[in-house]
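Chemist: Residue numbers (my numbering), protein chains in the order written: chain V, 31 to 268; chain U, 31 to 268; chain P, 31 to 268; chain R, 31 to 268; chain X, 31 to 268; chain Z, 31 to 268.
Each hint should be verified, as a subset may be incorrect.
Said to hold, decoys possible - SDA-like mimics (lysine to any residue), calculated; alpha carbons at most 25 Å apart, straight line:
#1 V:107 to P:246
#2 Z:263 to Z:229
#3 V:55 to X:245
Hints are computed from structural coordinates only; laboratory data are not their basis. Small disclaimer: the values here were computed from a predicted structure and weren't measured.
Residues per chain are reported as follows:
Number of protein chains: 6
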Amino acid sequence: MQLTDETHDLLMRVSTATLTTVLFKHGFRNAFMQGVRRINPQGGNLVGPAYTLRYIPAREDIDHIGVFEDRAHPQRKGVEECPAGAVFVIDSRGDASAASAGGILMTRLWQRGVAGAVTDGGFRDTPDIAKLPIPAYHASPSAPTNLIRHHAVDLNLPIGCGGVAVYPGDVIVGDGEGVAVIPRHLADAVAVEAMAQTAFEDFVEEQVRGGRSILGLYPPDETTRAEFQSWQKTHQAI
Amino acid sequence: MQLTDETHDLLMRVSTATLTTVLFKHGFRNAFMQGVRRINPQGGNLVGPAYTLRYIPAREDIDHIGVFEDRAHPQRKGVEECPAGAVFVIDSRGDASAASAGGILMTRLWQRGVAGAVTDGGFRDTPDIAKLPIPAYHASPSAPTNLIRHHAVDLNLPIGCGGVAVYPGDVIVGDGEGVAVIPRHLADAVAVEAMAQTAFEDFVEEQVRGGRSILGLYPPDETTRAEFQSWQKTHQAI
Amino acid sequence: MQLTDETHDLLMRVSTATLTTVLFKHGFRNAFMQGVRRINPQGGNLVGPAYTLRYIPAREDIDHIGVFEDRAHPQRKGVEECPAGAVFVIDSRGDASAASAGGILMTRLWQRGVAGAVTDGGFRDTPDIAKLPIPAYHASPSAPTNLIRHHAVDLNLPIGCGGVAVYPGDVIVGDGEGVAVIPRHLADAVAVEAMAQTAFEDFVEEQVRGGRSILGLYPPDETTRAEFQSWQKTHQAI
Amino acid sequence: MQLTDETHDLLMRVSTATLTTVLFKHGFRNAFMQGVRRINPQGGNLVGPAYTLRYIPAREDIDHIGVFEDRAHPQRKGVEECPAGAVFVIDSRGDASAASAGGILMTRLWQRGVAGAVTDGGFRDTPDIAKLPIPAYHASPSAPTNLIRHHAVDLNLPIGCGGVAVYPGDVIVGDGEGVAVIPRHLADAVAVEAMAQTAFEDFVEEQVRGGRSILGLYPPDETTRAEFQSWQKTHQAI
Amino acid sequence: MQLTDETHDLLMRVSTATLTTVLFKHGFRNAFMQGVRRINPQGGNLVGPAYTLRYIPAREDIDHIGVFEDRAHPQRKGVEECPAGAVFVIDSRGDASAASAGGILMTRLWQRGVAGAVTDGGFRDTPDIAKLPIPAYHASPSAPTNLIRHHAVDLNLPIGCGGVAVYPGDVIVGDGEGVAVIPRHLADAVAVEAMAQTAFEDFVEEQVRGGRSILGLYPPDETTRAEFQSWQKTHQAI
Amino acid sequence: MQLTDETHDLLMRVSTATLTTVLFKHGFRNAFMQGVRRINPQGGNLVGPAYTLRYIPAREDIDHIGVFEDRAHPQRKGVEECPAGAVFVIDSRGDASAASAGGILMTRLWQRGVAGAVTDGGFRDTPDIAKLPIPAYHASPSAPTNLIRHHAVDLNLPIGCGGVAVYPGDVIVGDGEGVAVIPRHLADAVAVEAMAQTAFEDFVEEQVRGGRSILGLYPPDETTRAEFQSWQKTHQAI
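Kindly generate the complete structure, drawing on both the sequences and the hints.
Modeler: Below is the structure:
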């Protein structure tokens, strides 16, 4: 199932907070990655289908400096094969004591049109990554080469990242708060509901800034619902 | 016991570092919340009496999406009843895996004249909160609705927050470093002592920038004490 | 063994990411401090030999407020005796629940020409330290006086900091990512190798920005190696 | 709502593993206390309604050694007032660095006919408690008096313990694995379902020990269901 | 490469402490699972090739109670297909908040001749497992069904367990201390070296019990080496 | 200052729970090591002056397998020089991922008459140590050689262990609950007070087992105090 342009555009305009509420209404309690934050403040929001890389713990005889000579090495292969528009999501077992990837690979992902990169470990060269326009999310900066801790083992299998299940093709959404994961078959419905909720929250925010109490407003009672319907007629969906 | 305007103004001009030293001299070793930081860099300092909200773990049958319809729900009630000038302090058991509150409630607190908000969990809509003028402190950003993890159970009971006891009415002080708690009956005395210590540290800082050793200066020997007294005569308390 | 000006200057121009890779090639897997980050964004890079202070847990009868009157108190003595150009490295057992040092001591270190300060605990007065030009690294802001948790016990012994062994004289390098430790006898060799690696990565970055695949480029195959040699002739080492 | 003798007796015969599965079928995912284990191997299983004590962080001026002279001190009052047959459940904020209670209070609870005691902190005098017949559950042994870390603040309010919500009257069940919490209104139904599940698992265990595959057996297909019905006729419920 | 009977028997007679030292001599620093301990004190030592199961985080729509009806469910399939003599090793991401498996599956593994089971999460029904003769290792007891946290995703891929890489076929060794992992191609050599080291340590232990200093003995100087050679002639390898 | 036989004998008869209460009355809040437990259930209580070993993180070029050939290696030297009757206390920075020491060194300590051993890391060969009569306390079993993580750096300096300051000569007391540290100059006074408190608690325990309420008893009112005085006359101090 493809991520449509409409859904992509809607998801670029909603927050992860709104998305996790919509997902909660669909029965999903665990859709926000724990402890993962954006490196580049100017990175902008992130939306795209997940392409995954899995790390397991490194082993000294396998994970030596020569390993990257192998063009089939999953980390390097993944960086070259992750589709344009997709999000490169790395299961680093929440271990940021060595890097999941660094500035050169991130530059290559950006050049290839990849939408962004996410790890529950750490990236290296973060002062450089902070200046790239491709959104990158991690747990904390980590200078050491991945070889001291991580072994890239396979590509595009289901993984965990930040405590959340990520199946290849799930829709990854990142904003200034963090990263949410939408099961791919729900992406269209969730995007529409989240956009509607966002419009309503814009209305509420305006009302609250005007001095109104949240009681009866948020969540809305009947009167509020009617007011919002009127309000919507005079406000283009943002 | 009321927080007087004089004490409020003094506390706006001292740091949490100075306050914790003064409190240490009064026998208090545990007055600084661990792991709690300011979201909004332009938020300014925070001073006010504590008004508390307590969360316990959520339970699926009680903490469903309809719960906010109830106007007596402690989170929503607290946001409407926290007095102007007070600080809304939330015991989230140090759990930032779901939000303690979000942007709309924070906007309402600000509109109502509440001085600030503190949780040892996480707030959601943090990119929005970062732009509000009301100081907000938390452990880390957390998009998910509080329902997945937190149940708001009661208001204005003694709580723990960031590992520190907070009794309703205790004076909360926040600066760019974090949040300190002053037992309410000591607020006036501590404020005066902290202001005096701040003046002395301004003098020390000036001396050190002029090249002077800290030995005999910080802490002061007799000579330094005399120097400081002269210095004070020529410097209005800042 | 002295830190030469040449080595110092080279190390100011390389990243901790590059250094940890070079150290990995020399057999060192644990050279980057975990969980330690720069307070002052304008602090600039940090290079200098380590001068160490060791903390053990505080004890109420020993660590009272009068203790700083003693001019031989290791924290105060260390601040006055740490050589110009050196880095003041503090073993705080990774405990940031009380401060390792504060703004006045940091100002004094800066005035004395000390290159920087590092702790695996926390500094206090961090809003002030953030404005100082001396680079300071810690785990997290911590307002409380060190007396509530830390006892300064001795100076310039081998310590651990951020999980890494630091022997007095080891070369400390800090950048926007964090802090690396180079065994002193390897500093010259590592600096030269890191500079060479940096030049190569500048070339790679330029190529990648030009749209080239990383396969065969990073790590380089024979063709790439030749290209880089040509490239170097036309590019002054940065 | 009372805990009936029938439900009590059923719950004494089922495991917390079975109970959490039954609760999962009712939509409850968070019913097992994390990190809480039994001190006394001969303690036997624990069943009873919750009577709660809440701790917040201690404060030096309030939590001094004289505090226990006050007969209204919630810890001491709770030990004397917890009903016979009930379970004394303590919210210690998961902090075992000071004791939640010790051997003498546990002896008193036992003498008063209290069914057991649970904390998510630590008990002291654990070598003595290990010999008492009253089941006691905690996170880890903790010798220091509660005064250094805990302030007993109130009795029989809803609390969190081991990450689970505990409302007064909820049914607490402990076995050799740990402690589960059953919402009081579901206790009867859950007990009956758990007993039925236990009978089925006894059948399955017998079959598996006889060499049978789990496929089609656990969970059962139609054939297995029929076999179990026959088996039940020849086996008295255990 | 097969695990020979000779190697199996040698490995049953050496400790994980000795094995990790031998592996260290071969350049392996990370061969002992962290935080994993034996449930059944009478379980005896564990030796066998690894057969692996991987969990990722659960998702509510996929991990419902009906999922075990599927005979291809990896957890159930793995329990039926793990070869006799092999060790069932589960990557639970170090998360013991829900069970990795329980008593019935463990009984089935035992009946099928599987050598043992290891998870870095928790098992349920641990009071029952403690009585089974099949050695089982985990982090801590965990009653809740795996569905609330874990999704069994695939079988016999390389995984991490307790922070150690486990490739299918690697030789797992467990004793009363914990679990070590031997890369399969080294199993024969490591077993022989470990047996030799064990014999030497038996000699040393005897000497130390006789009052001898460890200096010159452990590690041995030339004299000691000669003594050991004589000692060996009179002692059958144990 | 020597540990007298009288004080030693008193301390063998009191619990760490009682000791920490007595130390709290003297103003010490942090006298019990966190997370440290006894390996050998039959080890008996432990009393003796501290002799300390300090570890810092290992470094690959310094901490190789040949290092133990050096008779001045602090770990081996310490094991041979720790005085009979003393307690060998190791600062392992709370890191149990590699062993602090193992069975052979523990046997040698026992043979040399050392009273016991304590680390806040882990020991290896714990199944063997569990059978030795010398009490040994640690955080958790750890098979790997210390070389992979720890460098023994010096002997008999003040250290931290389990979060508590340990100065050489401080009196270490261990029981079935854990390990307390008494500042050496207070050992005699604390021992006497703890013995008196123990007698009183024996009286209280007897009363409580007889059905008496703790109110007025524990802590005692005037009546109880008088009763205890009478009781004492008829009971030899145990």
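Chemist: Now tell me if each hint is right for this structure.
Modeler: Hint check results:
1. Taking the CA atoms of residue 107 of chain V and residue 246 of chain P, the gap is near 12 Å; set against the 25 Å cutoff, the hint holds.
2. At most 25 Å may separate the alpha-carbon atoms for a hinted pair to count; residue 263 of chain Z and residue 229 of chain Z meet this at roughly 11 Å.
3. Of the supplied pair hints, the one linking residue 55 of chain V and residue 245 of chain X is violated, its CA atoms being roughly 69 Å apart against a limit of 25 Å.
When held up to the earlier numbered hints, the structure conflicts with hint 3 and nothing else.
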